[in-house]
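Enquirer: Work out the full structure: start from the sequences and follow the hints.
Given next are the chains, with one letter for each unit.
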Amino acid sequence: MVQLRPRASRAPASAEAMVDEGQLASEEEEAEHGLLLGQPSSGAAAEPLEEDEEGDDEFDDEAPEELTFASAQAEAREEERRVRETVRRDKTLLKEKRKRREELFIEQKKRKLLPDTILEKLTTASQTNQNKSYLAVRLKDQDLRDSRQQAAQAFIHNSLYGPGTNRTTVNKFLSLANKRLPVKRAAVQFLNNAWGIQKKQNAKRFKRRWMVRKMKTKK
Amino acid sequence: MGEFKVHRVRFFNYVPSGIRCVAYNNQSNRLAVSRTDGTVEIYNLSANYFQEKFFPGHESRATEALCWAEGQRLFSAGLNGEIMEYDLQALNIKYAMDAFGGPIWSMAASPSGSQLLVGCEDGSVKLFQITPDKIQFERNFDRQKSRILSLSWHPSGTHIAAGSIDYISVFDVKSGSAVHKMIVDRQYMGVSKRKCIVWGVAFLSDGTIISVDSAGKVQFWDSATGTLVKSHLIANADVQSIAVADQEDSFVVGTAEGTVFHFQLVPVTSNSSEKQWVRTKPFQHHTHDVRTVAHSPTALISGGTDTHLVFRPLMEKVEVKNYDAALRKITFPHRCLISCSKKRQLLLFQFAHHLELWRLGSTVATDHLLHLKTKGPENIICSCISPCGSWIAYSTVSRFFLYRLNYEHDNISLKRVSKMPAFLRSALQILFSEDSTKLFVASNQGALHIVQLSGGSFKHLHAFQPQSGTVEAMCLLAVSPDGNWLAASGTSAGVHVYNVKQLKLHCTVPAYNFPVTAMAIAPNTNNLVIAHSDQQVFEYSIPDKQYTDWSRTVQKQGFHHLWLQRDTPITHISFHPKRPMHILLHDAYMFCIIDKSLPLPNDKTLLYNPFPPTNESDVIRRRTAHAFKISKIYKPLLFMDLLDERTLVAVERPLDDIIAQLPPPIKKKKFGT
Chain A
95 MVQLRPRASR APASAEAMVD EGQLASEEEE AEHGLLLGQP SSGAAAEPLE EDEEGDDEFD
155 DEAPEELTFA SAQAEAREEE RRVRETVRRD KTLLKEKRKR REELFIEQKK RKLLPDTILE
215 KLTTASQTNQ NKSYLAVRLK DQDLRDSRQQ AAQAFIHNSL YGPGTNRTTV NKFLSLANKR
275 LPVKRAAVQF LNNAWGIQKK QNAKRFKRRW MVRKMKTKK
Chain B
162 MGEFKVHRVR FFNYVPSGIR CVAYNNQSNR LAVSRTDGTV EIYNLSANYF QEKFFPGHES
222 RATEALCWAE GQRLFSAGLN GEIMEYDLQA LNIKYAMDAF GGPIWSMAAS PSGSQLLVGC
282 EDGSVKLFQI TPDKIQFERN FDRQKSRILS LSWHPSGTHI AAGSIDYISV FDVKSGSAVH
342 KMIVDRQYMG VSKRKCIVWG VAFLSDGTII SVDSAGKVQF WDSATGTLVK SHLIANADVQ
402 SIAVADQEDS FVVGTAEGTV FHFQLVPVTS NSSEKQWVRT KPFQHHTHDV RTVAHSPTAL
462 ISGGTDTHLV FRPLMEKVEV KNYDAALRKI TFPHRCLISC SKKRQLLLFQ FAHHLELWRL
522 GSTVATDHLL HLKTKGPENI ICSCISPCGS WIAYSTVSRF FLYRLNYEHD NISLKRVSKM
582 PAFLRSALQI LFSEDSTKLF VASNQGALHI VQLSGGSFKH LHAFQPQSGT VEAMCLLAVS
642 PDGNWLAASG TSAGVHVYNV KQLKLHCTVP AYNFPVTAMA IAPNTNNLVI AHSDQQVFEY
702 SIPDKQYTDW SRTVQKQGFH HLWLQRDTPI THISFHPKRP MHILLHDAYM FCIIDKSLPL
762 PNDKTLLYNP FPPTNESDVI RRRTAHAFKI SKIYKPLLFM DLLDERTLVA VERPLDDIIA
822 QLPPPIKKKK FGT
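Here the protein sequences come in this chain order: A and B.
Position in the first sequence (first residue = 1) + 94 = the numbering used here.
Position in the second sequence (first residue = 1) + 161 = the numbering used here.
Treat each hint with caution, since some may be false.
Result set (DSS-like, lysine-lysine): computed pairs, CA atoms no more than 30 Å apart in a straight line [as the list claims (entries may be wrong)]:
id, chain 1, residue 1, chain 2, residue 2
1, A, 191, A, 203
2, A, 273, B, 831
3, B, 536, B, 580
4, B, 831, B, 356
5, B, 739, A, 273
6, B, 793, A, 278
7, B, 739, B, 166
8, A, 273, B, 166
Rather than coming from a laboratory, the hints here were simulated on the basis of the structure.
Expert: What follows is the structure in structure tokens.
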């Protein structure tokens, strides 16, 4: 026979406190339901029952605290007030922070700009610049123009000489005629003097050193 | 004639820039040519294809389009995003207007000549109105997705065809909206990963659009329906240019392989009215890409990366079948780029951005003395070295530079004379007097300045203002060896001769309708010898203020027909110090010593007669001896001069050396290689 855990007896709750309590009650009920459902039958659950009983005893002896609606309401209001206060404080803190930052930026900018006197001079002078022989150009524009021109030139170069085009070297082009003569001749630039430069330099150095060594040993 | 020792110079590393665009002007029969370094040259086709004007180049100017508008106005546009107008009278650039569309790829003037259309990098087509003194932006057309590489107006001015990458758009001019968008196949009957670039379009008056693209196709489109009518595959490489004749019965295309094809509208059968476009003639006059072609009423003009300018007159269009109908190829410059200091045996070579000074040794050892780089991106217009070798002067568009040279035991030091006056800049021609004390500068405003040089400084003596007649041709200067006379060509009124000591105009040689190509004043006799572009040579006596008797005799008899049929103009004339009867002149393929004491050849005698061997009979020698001693040993000649009585210097530039430094050409597969 399943020993049902004795329920905690409750005093009849008043209507106003029903809302909160009701929730708590429902939660308890749900937990109990779970416990109920999970409870194994007969003697195997003997020990857990005992533990439960001990816990329950404390619950049994004391009656739950009596909370009037007024106190709960007051508590809730306090909570709200506290929350509102913290939010306000945070907001003001942020505002102050932003203000300080703005001021700092303005200071920096002011420092960057030239003193007012020179600025005044410049603005008045810019109107009289039209007769001078120089031309004021914004460097940013010039860079943009140069980069576009370079891109355009790269496009032309790619489409005419880039990959996929069937180009050959001038040497091969001029040597075609030589290959078709009745007496075949060598290519126009037959020797490639640009190969193995490092090797040739090393050989030269080695030869020089060897000669010096030979002269020494001969002596 | 005598024997001469010849310094044969081949180390002048002259490489002309490739030709990028040509524009033919029918009214004045002139051709404007723009090169890859930004130089624009104007050739006068009626004056024996002579280069009469040029505008020096600039490093940042990458011209991509050139066109003539009404009233003989020349415009160019390039990758720096600016439209430039050239002032053909004052020989400078009037203004440069930014189109604000990025780099400009193409430009076309409307058939009426009053509007200008440019195609930009950002895909926009901009319309400009040509006002009497400037151009004004009118509006933008619908913006396309990729860059507009070619433009063409319909002859009525109502529609425009614009070629881009992989498609061609047809715009309506009034509304500015794109009416059709025709997609171009990337490869003829095939698939390709490479985008198809439409290099050229042409709009005919019957609504046909002809397009040439990088897949090697020439395609005919119908602009009313926006469909492809016919497609020809003519090359394995790009077809890069197209030009249609005014009568629209023929057009010419140029390919990257160097071939130029001529298409003609021929009737389908011999007596039917239906016509079709047929590829009639291929011409292979170029080795590298033909980037531009033009169609004049009688000839096909082509130019490209191999720097030749080729005129191919069409036999069916030429009325008189004489030497005028032959192929003309312009390779070498029409003015002298070399100056010589005879006393110190120095040669000054002028390049686009630097000057080189060489000393001639004992015909074996030569020294590269100086490599003078110009500051700034502008090209050098002209340069000169004084006969004593201690002054070098050169000029760009905005500045004039004068250097003093000091020689100490084989070392050379250079010092620049600072603070040049503003009126000396943009000089067309610079010349030093024989004793190197005076400098003569012809500026492009028409004024002629005389500057006195002494020690390390200079003093402006006088400026001759332009006389009557506009500054039209390129200016040439000649000074007499005794320093009294200065001759200046360059106005349409004839060659002016000034008295240098008295600083006033002495006389004017009567005007001739062909421009002057070379001038020189003989020592002692002070005869001014002038060579014109139609190969006429005149001799004018300055003290007597009239033509010499010899010159009158030559004019009465006329030159030998082979002399008049030479292709290249005479660029330099010089004299022998001890033999007053000899005139030495040269052009690109021959040099000639005219002996005024010998009889003149008539049309029946042999013009080119090498010196006969001494064991020939006297009769033959007498028959073949005439005044014109021509030698073709050294060619192609860029410069030839007498250093002293026994020595000649000949600067040659073999064509193979130029070709060896050009960009790579398209590969050609030949059978057996």
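Enquirer: Indicate, hint by hint, whether the structure satisfies it.
Expert: Structure-based check of all given hints:
1. Restraint check for residue 191 of chain A and residue 203 of chain A: satisfied, since their Cα atoms lie roughly 19 Å apart, inside the 30 Å limit.
2. With a CA separation close to 10 Å, the supplied pair residue 273 of chain A and residue 831 of chain B stays within the 30 Å bound.
3. As the CA atoms of residue 536 of chain B and residue 580 of chain B are separated by approximately 15 Å, the hinted pair is consistent with the 30 Å bound.
4. Under the criterion of a C-alpha separation no larger than 30 Å, the hint pairing residue 831 of chain B with residue 356 of chain B is consistent with the structure, at around 28 Å.
5. For the given pair, residue 739 of chain B sits about 51 Å from residue 273 of chain A by alpha-carbon distance, which is inconsistent with the 30 Å threshold.
6. The straight-line distance between the Cα atoms of residue 793 of chain B and residue 278 of chain A is roughly 28 Å, inside the 30 Å bound, and the hint therefore holds.
7. The hinted pair formed by residue 739 of chain B and residue 166 of chain B meets the criterion: a straight-line CA distance of about 16 Å does not exceed 30 Å.
8. Distance restraint check for residue 273 of chain A and residue 166 of chain B: the Cα-Cα separation of roughly 38 Å exceeds the 30 Å cut-off, and the hinted pair is therefore not satisfied.
Of the numbered hints given earlier, the model fails hints 5 and 8; all others are met.
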